[in-house]
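Visitor: Each chain is listed here by its residues.
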Amino acid sequence: MTELTVSDELVERIEDRIQQTDFESVDAYAEFVLSEVVTRVEREHEETGKMGASAEEVQSRLQSLGYLEE
Amino acid sequence: MTTSPPNVILLSADALRADHLSCYDYHRETTPVLDALATESYRFENAYSASSHTREAVPALLTGAYPDVAVNQSYHLATESVATTLAECGYVTAGFHSNPFVSRAYGFDQGFTHFDDDLHLGQHKLIALAQRALDKLRNRHYARAEEINERSLEWLDSVADEDSFFLWNHYMDTHGPYEPPGEYATLYADRTLSGRDAQALYQRAIDEPESITEDEQQLLLDLYDGEIRYNDAQIGTFLEVLRERDLLEDSLLIVTADHGDAFGEQGYYEHPRYLHSEITHVPLFVRPPGGDSETINAPVSTLDIVPTIEATVGLEDDANKRDGASLLGEHDPERHVFAQARGEDEASHLRRYAVRTDDGLCFCERNRETGEVTFTEGDRSLRSVVERHIEERVRIEQGDESAADDEVNDEIERRLSALGYTE
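If you read the sequences in order, they're chains A and B. Quick note on our numbering: the first sequence kicks off at 1103 and runs consecutively. Quick note on our numbering: the second sequence kicks off at 113 and runs consecutively.
If you are wondering where the hints come from, they were derived from the structure by calculation, not from laboratory data. Treat each hint with caution, since some may be false.
[To be verified] Sample of chain A residues facing chain B (criterion: CB under 8 Å; computed from the structure): (1) L1112; (2) E1159; (3) V1160; (4) R1163; (5) S1166; (6) G1168; (7) L1170.
[Claimed, not checked] Over 10 Å on every C-beta distance to chain B, these chain A residues come out as not near it, computed from the model: (8) T1107; (9) E1114; (10) D1129; (11) V1140; (12) L1164.
[As the list claims (entries may be wrong)] Over the 12 Å line for every Cβ pair with chain A, so calculated as not near, a few chain B residues: (13) T115; (14) D126; (15) S134; (16) N184; (17) A190; (18) T197; (19) Q222; (20) L231; (21) R263; (22) I318; (23) E377; (24) G379; (25) G402; (26) R495.
Glycine residues also receive a C-beta, built at the ideal position from the N, C-alpha and C atoms.
Please construct the entire structure, taking both the sequences and the accompanying hints into account.
Guide: Dropping the structure here:
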């Protein structure tokens, strides 16, 4: 495990927030939020990379098969 | 002692219309290999695709579901395919083709342990660019059957003896532009075309069908038949290797096409979003493990392929779940076989439907914005049958949309709740 530093103000806000949730600690809440955000960003990046590299190739193939106008 | 479930081999050809095969009474001997296969298979004289173009036809073929639920609005695979079902049963699964419409970009690798769509997705952009430039130079539009065979046979080498496999090869040779390779170029045609000229002629046939002369129409047909004969020979080579490796006799083998191809019969070429017989009547051979031979005249659908596979590998037949029925069971001569196609461009608000019986057919269009149904051709006596079918399809499609929305909402709710947004 690695320790991260966040502002006292944010910790206080999370402490208020977790009282209304099932999270038992500020650490658990922060880890969940970070993990959710990073996963989403990674997924979007992966999708963009996959389609970005392929889009032109797909277009080019479809054109040669008569599906798209020159 | 337990025996492994049978291997399943599905071979499909793109844009191969049934009435150009010699065993379907064509005047040329285009398919000696498939003619021979018919002597040890069930050959379906009246098989129709669930649609008329790859983006709706292949999803139906692979899922056993009508295209309206098999793919979403963007033509991404939206229903579980037979590859997933078989993978869950312990099969090793592989697909080999080169049609971008059913590539990884649209989610068609789902359920396949090995999937080769001939695209260079995920590779370094420079390699992909170089490959594309080379393809253009060589006028290469897709991977030839020979390459598909090599790739799939190499994969078969990696399958352990004790594993059952599902293999799908989809061949593009019969798809335009028609430029049969080598000796096949002049097998039926009296002249050859350069790759560029073949592509220009094909494109003009699509864009300006009225400009195609009788001579050019005949040339397109001759070249198409040459492609069929080439593809047939390649399927022969592939089946021969399977036989040598003792992988054919006890397997379930299905050979079919995703849709047909038109040559001006209805005023258009290629396979636009209509449902005429030229573009929906497909060849269909089913060789059960051990082989058997029969010609079946009852109308059937490519939707029946997945139930046939499921029945053969011993999966419970859930008649309520499937739109089709096993091709190895009883064949109902009175059956109604339906097809559908989404309109595009100025017709994108339309969905076309067709029904076929052993001696009749009926076409109609439904305006998706107003719900209005217009009958365009065919038997009046079949109109009520189509109307009932459309009502059911619309109900299912709309039901699925709201079910999908519920799923998304549940997921959002769960996440919000976890973050403390809702009490």
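Visitor: None of the hints should be skipped; say for each whether it holds.
Guide: Quick rundown of the hints versus the structure:
no. : hint  : result
1   : L1112 : violated, 15 Å
2   : E1159 : holds, 5 Å
3   : V1160 : holds, 4 Å
4   : R1163 : holds, 5 Å
5   : S1166 : holds, 4 Å
6   : G1168 : holds, 5 Å
7   : L1170 : violated, 10 Å
8   : T1107 : holds, 22 Å
9   : E1114 : holds, 15 Å
10  : D1129 : holds, 15 Å
11  : V1140 : holds, 14 Å
12  : L1164 : violated, 6 Å
13  : T115  : holds, 40 Å
14  : D126  : violated, 9 Å
15  : S134  : holds, 26 Å
16  : N184  : holds, 15 Å
17  : A190  : holds, 17 Å
18  : T197  : holds, 25 Å
19  : Q222  : holds, 14 Å
20  : L231  : violated, 6 Å
21  : R263  : holds, 17 Å
22  : I318  : violated, 5 Å
23  : E377  : holds, 18 Å
24  : G379  : holds, 17 Å
25  : G402  : holds, 38 Å
26  : R495  : holds, 33 Å
Violated hints for the displayed structure, listed by number in ascending order: 1, 7, 12, 14, 20 and 22.
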